[in-house]
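S.K.: Protein chains in written order, with my numbering: chain Z, 54 to 411; chain D, 276 to 581; chain Y, 1348 to 1707.
There are no misleading hints in this set.
In silico lysine-lysine, BS3-like type, Cα no more than 25 Å apart, as pairs:
hint	chain 1	residue 1	chain 2	residue 2
1	D	LYS514	D	LYS437
2	Y	LYS1386	Z	LYS80
3	Z	LYS229	Z	LYS377
4	Z	LYS172	Z	LYS80
5	D	LYS461	Y	LYS1353
6	Z	LYS172	Y	LYS1519
7	Z	LYS377	Y	LYS1519
Keep in mind the hints are simulated off the structure, nothing from the lab.
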Amino acid sequence: MRITTLLASAAIALGLVTAAVAEDTTKVGFVYVGPVGDGGWTFTHDQARQAVEAEFGDAVETVFVESVAEGPDAERVLTQMALDGADLIFTTSFGYMDATNNVAAKFPDVKFEHATGYKRLHPNVSTYSARFYEGRAVQGHIAGNMTESNIIGYIASYPIPEVIRGINSAYLHASKVNPDVEFKIIWVYTWFDPAKEADAAKTLIDQGADVILQHTDSTAPHAAAQEAGNVVTFGQASDMSAYAPFPRVSAILDEWGDYYIARTRAVMDGTWESVDTWHGIGDGMVGIGEITDAVPANVAEEAMAMKAALADGSYHAFTGPINKQDGSAWLAEGEVADDGTLAGMNFYVEGITGEIPQ
Amino acid sequence: MDLSVINPILLIAALMSAATPILLAATGELVVERAGVLNLGVEGMMIVGAICGFAIAVESGSPLFGFFAAAVGGALLSLLFAFLTQVTLANQVASGLALTLFGLGLSALIGQSYVGIKPPRLPDLNFGLLGDVPIIGPVLFSHNLILYFGLALVAAVWAMLKYTRVGLVLRAVGENHDAAHALGYKVVRIRTLAIMFGGACAGMGGAYISLIRVPQWTEGMTAGVGWIALALVVFASWKPWRVLLGAYLFGGITQLQLNLQGAGVAIPVEYLAMSPYVITIVVLVILSADKSAAPGSLGRTFHASN
Amino acid sequence: MIRLEKRPQPSTVFAYATPVLAVLATFFFGGVLFALLGKDPVQSIVTIFWEPLFGEFAFFYRPQLLVKGAPLVLIAIGLSLGFKAGIWNIGAEGQYIMGALFGAGVGLAFYPAESALIFPAMILAGAFGGWVWAIIPALLKVRFGTNEILVSLMLVYVAEQFLASMSLGLLKNPEGFGFPGSRNLQQYASAHNAEIFAGSGMHWGVVAAMIAVIFAYVLLARHKLGFAIRVTGEAPRAARFSGVNPSRLILFCLGMSGLLAGLAGLFEVSGPAGQVSIDFNVGYGFTAIIVAFLGRLHPIGIVLAGLLMALTYIGGDIAQSQLGLPAAAIQVFQGMLLFFLLALDLLTNYRLRFGQAEVA
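Just chain Z, same shape as in the assembly (with noise of 0.2 Å):
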């Protein structure tokens, strides 16, 4: 009994110890559209939160909320994330963009990071997204080499400028590596359907396409691939390295990490500012996953030197001469690619046939 009592008054005190800490712990919050275990997008955003717990240890508090629905729901999980003293807050789907600023306005001492969206309209709104675009320029080098039927399968979620930005770029890197290369498109119209995107692959498959490129998240296009035998596939979001080294010969990493340590300390430090990221490969929030000895010494060298020139910003991954499908031209000699036609982007180049649906 006495030892008990001692043991309880013990972890009051202790209690109270945490709490006189948690006063100067920095506390951060992140909202997840879909759950942590999705094994993509949300995924990567998790571990993203789990390296800032790492980096920065007790100093930091963080919390999440995971499968939260775009709307009321976001709205209600952020005011309450900033009513229980989160410092920052991460929002990572672009469906919350006006739950942000809605929230941010009424909660000015708190700063907001907004992924993928464009408004800010208070002064402690960020927002950032990833120039995956960039990824998507080695990711076609690489296939563009690897294909012998010149049929590269690219399977696509939504029609949004997002995906068709990934689409023309790994195009314009294949088919200048290759000129007869041939995008066979399908648009599942889901972000999340593992037995679609296994279908989707298997079509493609079917069709005669040896390297498949994907824009959704599940591990179930290379599945198809390896029974298939002899197909490429990619990693998409995370490594999906149970994969490698064939048919997963490298992949597209979301490299969340940098960037959200980086904010944290400047919250902590009180350096804070809204700023609009959009980070590609040289900043680290796009990586790529280590190109397997499946592709040939003088293509993986290639492509990482394509990737060195990316980061260091001596390539753009869109330098003319570019024309749009129709013929028309959109980009002369030399000339790249302004930031906000590629956040609008809502057109093919030229080479890609079939058209966007609407």
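Starting from the known structure of chain Z, fit chains D and Y onto it as the hints suggest.
M.R.: Showing chains D and Y alone in chain Z's frame:
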């Protein structure tokens, strides 16, 4: 646009595989509904089957053992539904929906440590020379054991319902539970067994997705297949062979849609994706003329004192 | 040997006691679940049930209960009318979507004109959209005898695809840089379903839900139609003898439930949600079915059930962020609550008898 890239033989082989999860789940649900019970929890049972099968296959290294575990998992979950609707006489629609909610949550909890793992693969059966016969080989002799099991299940359920005493009793219970009770049949026991059978089938259907079609584990990965299975039973007007036909039709429309896109045909994807449901409604209307189609006691609660 | 014996009259005591028992049972088993996950069970349950109502920030969460509960109650009230009469509309999710699409479509058609007439027009359009989507199964049932459970369910999927098509096409915000989703109606004054009193959570959808509850209560308790609904559900043949026209009843019940679901969608899209997007619907239409049954198909019961569901959602999200409980655990917890509520309802209509059956 180049339609010649579409290989009809490969398309048929692909749709057979794509349709198998729906086929398994729908065949199970058919038996449940033939016994007069409407279990809307198919999605929940499928996803629980998907993770049970995945986990056991990974732990044991045997995909077949995984399928067995999936059947057990689905059946156990369905027992919860059976308890609610048969013992405590709760409403079937609400219980089924609650079962789906519960199943989705439960599967995610079980699956937390299985994200990103590659399961052992179930090989296709080797039919030797038969597999090399043109057309017939790829269509009929290039699949895995579970796919054939699904086909056999349809045949077995058909024969059971049509020719056996068990089938007769099951249908009697589904058509008019009061009369069946008066004849001395154990309505609650029969329905409970039917529900468990449905759960086992749904569980295997789920495992087909997590072990063969995708194969990986992610939360919520069945993505609404269970609801399609429910639609299919109605589409099939509660007849096993029509379930098969319907499953291939559903699978076929999806496959064709993907193939047409790959061939560069601009198609309105959303409207094509609607079409199976619209077709089902049309079929329902046509079937309505035949009043005998739906089991008479479907969805109604039975209690001996009624 | 335990037997069930049907009570001649549903027990009033148990009608009130079973929900309490169910909640207590959920506390217990939910606590076990949370403990298994390594969380403090008492703290978890307090966070879910106490925090939103009486915690430090209850001033914020209480209005949120209205925001979250109103669409559930509005839809469930409509559904309960049909359910009472044995008419099964399980496609409220689709009707909710169509109401939102029709309503938002009308509002957006007038953009950027400002007029006090726009919002009322949207309400009419929203109600119409939901009604149309529900009257399809009703007409098919009346004309051909088609099963309304299945038609209404199928129409949900059709509506979902339609929603995707609209948010990527016709209703897409022309100034949205190609991103899917419509303009935000919160930023279009004439179309905005704003809070009537700021910070109260009271928007027109809440008002509509209240009106619907009163309407349903009066209808069922006092009106001839309410009598027809009840008698049809309890004794269909007796209903026919007493002059009830089953076709009209089907059209009324399905139409009304669709109309209310459509309204719920309209108020949601023009208020708390703000815009039509691919994932606009969050399953209110299905959850409302559960709410209707939890509320025992009684208007007041539905209000309580809707608020209870809303509470578990809100409390669940708080528990996620404060205690690190996974969303899946909250889902399982909700599932348990539903199971217990459904299972224990037995005691209202039946009596447990121990021992052998007496020889009559």
